[in-house]
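K.L.:
Okay, here's what each chain looks like letter by letter:
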Amino acid sequence: MNYLDFEEPIQKLESELANLRETAASTGTDLIPAITEIEERIKEKTHEIFKSLSPWQRVQLSRHPDRPYTLAYIEALTGGDFQELHGDRNVKDDKAMIGGLGKIDAYNCMIIGQQKGINTKMRQYRNFGMANPEGYRKALRLMKMAEKFGLPIICLIDTPGAFPGLEAEERGQGEAIARNLIEMFQLTVPIICIVIGEGASGGALGIGIGDRVLMLENTWYSVISPESCSSILWRTWDNKEQAAKALKLTAEDMLGLKLIDGIIPEPLGGAHRNHQGAFDQVKKSILTHLPKLLKLSPEKRIKERIHKFESMGVFNE
Amino acid sequence: MWFKRTKEGILTSTADKKETPEGLWYKCPSCKGIVPTEDHAKSLWVCPSCDFHERIGSDEYFSLLFDEGKFKELNANLTSADPLEFSDSKPYPARIKAAIATTGLNDAIKTGHGKMEGKEVVIACMDFKFIGGSMGTVVGEKISRAIDYSIKNKRPFILISKSGGARMMEGALSLMQMAKTSAKLSLLSKAGLPYISVLTDPTTGGVTASFAMLGDLNIAEPNALIGFAGPRVVKETIKAELPEGFQRSEFLLEKGFLDQVVHRSQLKGRLSAFLRYLSGPVSKN
Ligand SMILES: [Zn+2]
Numbered sequence: 001m002n003y004l005d006f007e008e009p010i011q012k013l014e015s016e017l018a019n020l021r022e023t024a025a026s027t028g029t030d031l032i033p034a035i036t037e038i039e040e041r042i043k044e045k046t047h048e049i050f051k052s053l054s055p056w057q058r059v060q061l062s063r064h065p066d067r068p069y070t071l072a073y074i075e076a077l078t079g080g081d082f083q084e085l086h087g088d089r090n091v092k093d094d095k096a097m098i099g100g101l102g103k104i105d106a107y108n109c110m111i112i113g114q115q116k117g118i119n120t121k122m123r124q125y126r127n128f129g130m131a132n133p134e135g136y137r138k139a140l141r142l143m144k145m146a147e148k149f150g151l152p153i154i155c156l157i158d159t160p161g162a163f164p165g166l167e168a169e170e171r172g173q174g175e176a177i178a179r180n181l182i183e184m185f186q187l188t189v190p191i192i193c194i195v196i197g198e199g200a201s202g203g204a205l206g207i208g209i210g211d212r213v214l215m216l217e218n219t220w221y222s223v224i225s226p227e228s229c230s231s232i233l234w235r236t237w238d239n240k241e242q243a244a245k246a247l248k249l250t251a252e253d254m255l256g257l258k259l260i261d262g263i264i265p266e267p268l269g270g271a272h273r274n275h276q277g278a279f280d281q282v283k284k285s286i287l288t289h290l291p292k293l294l295k296l297s298p299e300k301r302i303k304e305r306i307h308k309f310e311s312m313g314v315f316n317e
Numbered sequence: 001m002w003f004k005r006t007k008e009g010i011l012t013s014t015a016d017k018k019e020t021p022e023g024l025w026y027k028c029p030s031c032k033g034i035v036p037t038e039d040h041a042k043s044l045w046v047c048p049s050c051d052f053h054e055r056i057g058s059d060e061y062f063s064l065l066f067d068e069g070k071f072k073e074l075n076a077n078l079t080s081a082d083p084l085e086f087s088d089s090k091p092y093p094a095r096i097k098a099a100i101a102t103t104g105l106n107d108a109i110k111t112g113h114g115k116m117e118g119k120e121v122v123i124a125c126m127d128f129k130f131i132g133g134s135m136g137t138v139v140g141e142k143i144s145r146a147i148d149y150s151i152k153n154k155r156p157f158i159l160i161s162k163s164g165g166a167r168m169m170e171g172a173l174s175l176m177q178m179a180k181t182s183a184k185l186s187l188l189s190k191a192g193l194p195y196i197s198v199l200t201d202p203t204t205g206g207v208t209a210s211f212a213m214l215g216d217l218n219i220a221e222p223n224a225l226i227g228f229a230g231p232r233v234v235k236e237t238i239k240a241e242l243p244e245g246f247q248r249s250e251f252l253l254e255k256g257f258l259d260q261v262v263h264r265s266q267l268k269g270r271l272s273a274f275l276r277y278l279s280g281p282v283s284k285n
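Which chain is which? The protein sequence lines are A and B, in order. In this text, residue positions in the first sequence follow the numbering used here: the first is 1, and each later residue adds one. In this text, residue positions in the second sequence follow the numbering used here: the first is 1, and each later residue adds one.
In case anyone wonders, no lab produced these hints; they're calculated from the structure. Being a predicted model, the structure only gives us computed values, none of them experimental. Mixed in with the good hints there might be a few duds.
These stretches of chain B come out as covered by chain A in the derived footprint (C-beta under 8 Å, 3 or more residues) [claimed, not checked]:
#	stretch
1	49-58
2	83-94
3	170-181
4	187-201
5	208-220
6	230-242
Yeah, the Cβ is synthetic: ideal placement off N, Cα and C, and Gly gets one too.
Make the full structure from the sequences, and use the hints.
P.N.:
The following block contains the structure:
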């Protein structure tokens, strides 16, 4: 278990709890009342910390090393009834963007998402969840296939951004994302997009055009990361907390600005402390929205999808 | 992002205007050649010695493209609000107010309709001098409404991009303008109307990752910087020097992302020719 700075009080209590349990086991002493008391205190402390998180703390949570990533969600949502599909049929298979066919409850779906690595080696392999143009083109290929067979599309968003590399530019990173945006608006099947971690800019939006766009409670979605925002505005990364606040990037802010359709609650203490709890919430949310979307005609879905995005923004006239 | 201050281009164009006894002179930032500003304007702000295309704004492009420079502006009165109550070195509304005062523009885009070589067209043109041509809600909304106008009146749509990308002070609202404009372009496409994207120096960030790359035809002015990530970011990522000509128009043409690179002096004629071809199987002139 990894702990963030503001999770330290929880860490302290949890190590106390571990010690007590060890003592109880090795000495045979009855420490049940003490253990129960500490467990209660952990719950209270967690509740206290999580009820007033700052935007920057949400950003930290969205990147928590113990947080579940896309493939873990897919495994849980489909109960393992999933087949990954590879390649953009043009350049290569992008490991930072994964997708495939799976069954969620009664529904055959195309599930797509950015994938981060779970350890140092895998982080490299997954390019830290930063897709190249091939990733966006693979995603589009799979979405088009879903459309052909009438399958709903589930997009799980978790990326620190589209990869800003030399080859990505040569192969048209901008064009690849742009193409996905225009194509996703006209897809005849239902699309549900869920930000499960980081929703950074165009890299996130590239699979983010949905009939429903939802965010997990401890995630962020914006035009730029707080660090980059800070470095542009103040020429240093030190003001990232201030930048996180200024950008209004939390799920609550995004809902308030009418840029997303809903927030999916996380278990107490965040998705990283209770993976199954997070999976259950996401599944519940998909199963709430999907039947409603399937009832609409494709024309109506597309019309409403476009109408939602065209209403986004605030200006004076 | 829009914020990177450039040494070339619009800043030097005013900074290098020197009062001399003979009048105003323009010093080309590329070849350092000197021309009277009047002659420079007559050559469409292109250096007569080295073809350096100086950054120009919507007024210049509209005068260049619309017949006799005549057009009707659309939604001129839209201005930015401050939904995030964003403040860095100064509050966003103050920044907008200052930009309006210094540029005489209401935001980073102007949209209008009129005739180009006798044919009705809708043109949107970005202005780099307004907060780096950054795309906030007003830019997205004006493009959307211009496309609506195109569809309603069955007119081709031309968009001249010149932008550092999304406008940070509007956060995710600016990001969603990429989605909004793409949504409208999907409707324009369904209506079978031509969309020509003209990419000029610079076109980067969210603008490249949305409407700028979505033309039926993508054409660019010579040597324009065009990319998703800015060159500085790419350089930091690869930790090496960038190859010569990287992310310039000719590079993108070679990589397959542009249909043509067109000299500014030929822009109007070429756009008109494209629209004639795209008007249907039987040529009307
Ligand atoms: Zn020159």
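K.L.:
Need the list of violated hint numbers for this structure, in ascending order.
P.N.:
1
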